[in-house]
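For reference, the chains in residue letters:
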Amino acid sequence: MKKILMLTLSMFFCFSIGLVAVGFTYFNSPTPSSDIVETLTKAQNRTVQTKLKRWGYYKGAVDGIYGAQTKAAVKLFQRKNGLTADGIVGPKTAAALGMSLGGSTGSNQSSSDLNLLARCVHAEARGEPYVGQVAVAAVILNRVRSASFPNTISGVIYQPWAFTCVNDGQINYTPNDSAYKAAQDALNGWDPSYGSLYYYNASTATSKWIYSRKTVVTIGKHVFAI
Amino acid sequence: MTENQTKKQNKRYKGAVIGLSIATGVLALGTIGFGIAYGVMQNDANEYGTRLESIYQKNFYDLVDSVNNSEIKLSKILNSSTSAYQKKLLTEVSRNATEAEVSISSLPLSQDDVNENVRMVNQMSGYTSTLADKLAKGGSLTSAEKDTLQDIYDNILSLKAQLNKFARKIQRGYNILHNSMDLESGDFSTQMSQLHDVDIEYPTMIYDGPFSDSVTNVAIKGLKGDKVTKERASEVISAKFKNIVTLDYEGETKGRFETFNFRLKNTDEEMLYVQVSQIGGHILTVSGTGKSGNGTSLQEEDAERLALDFAKSNGIENPKVVWKDSIGADAYFNIAPIQSGVVLYPDLVKVKIDLDSGTVVGYDATTYFTNHVPRSLGSFSISLDSVRSKVPISLTIVGERKVLAPLDYNREILCYEFECVNSEDTFYIYVNGSTGDEENILKVIKTDDGSKLL
Chain A
59 MKKILMLTLS
69 MFFCFSIGLV
79 AVGFTYFNSP
89 TPSSDIVETL
99 TKAQNRTVQT
109 KLKRWGYYKG
119 AVDGIYGAQT
129 KAAVKLFQRK
139 NGLTADGIVG
149 PKTAAALGMS
159 LGGSTGSNQS
169 SSDLNLLARC
179 VHAEARGEPY
189 VGQVAVAAVI
199 LNRVRSASFP
209 NTISGVIYQP
219 WAFTCVNDGQ
229 INYTPNDSAY
239 KAAQDALNGW
249 DPSYGSLYYY
259 NASTATSKWI
269 YSRKTVVTIG
279 KHVFAI
Chain B
561 MTENQTKKQN
571 KRYKGAVIGL
581 SIATGVLALG
591 TIGFGIAYGV
601 MQNDANEYGT
611 RLESIYQKNF
621 YDLVDSVNNS
631 EIKLSKILNS
641 STSAYQKKLL
651 TEVSRNATEA
661 EVSISSLPLS
671 QDDVNENVRM
681 VNQMSGYTST
691 LADKLAKGGS
701 LTSAEKDTLQ
711 DIYDNILSLK
721 AQLNKFARKI
731 QRGYNILHNS
741 MDLESGDFST
751 QMSQLHDVDI
761 EYPTMIYDGP
771 FSDSVTNVAI
781 KGLKGDKVTK
791 ERASEVISAK
801 FKNIVTLDYE
811 GETKGRFETF
821 NFRLKNTDEE
831 MLYVQVSQIG
841 GHILTVSGTG
851 KSGNGTSLQE
861 EDAERLALDF
871 AKSNGIENPK
881 VVWKDSIGAD
891 AYFNIAPIQS
901 GVVLYPDLVK
911 VKIDLDSGTV
921 VGYDATTYFT
931 NHVPRSLGSF
941 SISLDSVRSK
951 VPISLTIVGE
961 RKVLAPLDYN
971 REILCYEFEC
981 VNSEDTFYIY
991 VNGSTGDEEN
1001 ILKVIKTDDG
1011 SKLL
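Residue numbers (this note's numbering), protein chains in the order written: chain A, 59 to 284; chain B, 561 to 1014.
Honestly, the hints are just simulated from the structure, not real lab data.
The C-beta atom is built at its ideal place from N, Cα and C for all residues, glycine as well.
Be aware that a few hints might be false.
In silico DSS-like links for lysine-lysine, alpha-carbon gap of 25 Å or less [as the list claims (entries may be wrong)]:
id: 1; chain 1: B; residue 1: Lys851; chain 2: A; residue 2: Lys111
id: 2; chain 1: A; residue 1: Lys129; chain 2: B; residue 2: Lys880
id: 3; chain 1: B; residue 1: Lys880; chain 2: B; residue 2: Lys800
Sample of chain A residues at the chain B side, in silico, Cβ under 7 Å [said to hold, decoys possible]:
id: 4; residue: Ala152
id: 5; residue: Ala153
id: 6; residue: Gly247
id: 7; residue: Val274
id: 8; residue: Val275
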């Protein structure tokens, strides 16, 4: 009887440890990174689309947006050319397409500032009205100009804990066209937030401190403040 | 109990023991497996934590270095009487302060604390570089400026003492990461909040550098007239936009500018957000996107005319397009007012036209209404012919105009603008109209998304 009791106990013990371990593994498993795609610039996407369209693989619009239709066309192209059909334009596919992924054409600079700004706008304000997206980009640029914040776009965006999208990795999602346009407009000097340095979602903001700032305007779900 | 029965029972008992042993074995193996996985993960987490901590500590030590360096240089400046040497050191202090800013803003601090610390070093950087510029132009430090430098020095001295004390704490094993898991109330934020207790009064009349408070508190000079009602504001919009389907009131803006905000939808399915100033009832901004076609229905000249007409109808005096670019289906126009043949750059208006529908999908007149007043421009005391020789021979001049250029933040200077090209690049060169000095050079940078001026 004693043996049975001990066995049962040890089983129970092992089992509970196992459960804890399972729980731990589950909660700590890294989030899948399927959303994070090696992205081409819009200009490069346009080149891909133009080439695929010319050769009859692609039927959609040449808009520089790497959507489902473009991906399907890339896959078809890869299959026909004996490449791995993963829908991603890597070095081999690019070579087969006759384009280079390295430096873009001529002496053009890559717009990494615009791209970074667009990523932040997309992660922070997708689903908001367009003007709300411009305003989020404008807040980032207002911070760059402000004495109290870092003096570069990347400095402001990657400042620890400044933007939740950096902490949860959403900054790495590919921005959509609207986010790009909003970032472009803000870089051109548009500022519907009139110099705001902060914004928060009134229904989800947790920091009490943020409510002490002076509200300038409410656009969509975001309250913009100085 | 017979012997048989006892045997049977024993057998059953043995079977149960074996079964249970196997089950326990399997579970034990599973547990060991999970245990190893858990250990590996913990190991990973610890390693990531250690790496992050190293980055934090590097930033902290960089900060200590920058502050130590600037303290030494500031004390030298205060004890030097040679302008050239002072200028060299001021430039270095400004650079040290910029480095300090980069280090501080990479540390895990609460927003409030990081803001105060960053403001302190940014203003120090701006002030010292402004003084360096002044010395470069042949000036010398006034006693008031030396007093401000002394204040900055005192502040840096106490900052240095505190930072070095804290550095010793880190050497004894203080962990920045563990003490900043809660940003707002973590020990690290508390420690660092003691660094910026002293507030330096920068003399705003002398110092109007990049980070001075007077730049952010610019008064609005161009908005005149009575306060309008939101009904009137809505009429203003209806008069300026065609094919409106809906026009909904969206609330007010209460910032530097006070506006009534509206959301507009037109027959082209374009959604626009329009802000009308409460004083004078002018359209201040329009934000929106076009119907995302391919942008082929309209020529750039037509779009330019539409942009000019829109600016004119919104009270922009004597508008002229001074810069244009198109990205996809959007055409961008920068429009400036012209006063007696001079382009007023400080009063720039920006217009974005959708090349399919011809709608004004973007408009920004806030700069115009901040700055625009009738100015007494003075006159050019140097002739265009005599400054043309300032342009290097390697460049070909393709355009010339007289401009009022916003330089040094709050200063406006009459300049000759030369648009020049060589085989690859385009430059804009600005030559002072009274001294003949080169004030600024802008280079046109071609990027993947249109051209930019730097």
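A quick look at each hint next to the structure:
no. : hint                     : in the structure
1   : Lys851(B) with Lys111(A) : holds (23 Å)
2   : Lys129(A) with Lys880(B) : violated (44 Å)
3   : Lys880(B) with Lys800(B) : holds (19 Å)
4   : Ala152                   : violated (16 Å)
5   : Ala153                   : violated (21 Å)
6   : Gly247                   : holds (6 Å)
7   : Val274                   : holds (4 Å)
8   : Val275                   : holds (4 Å)
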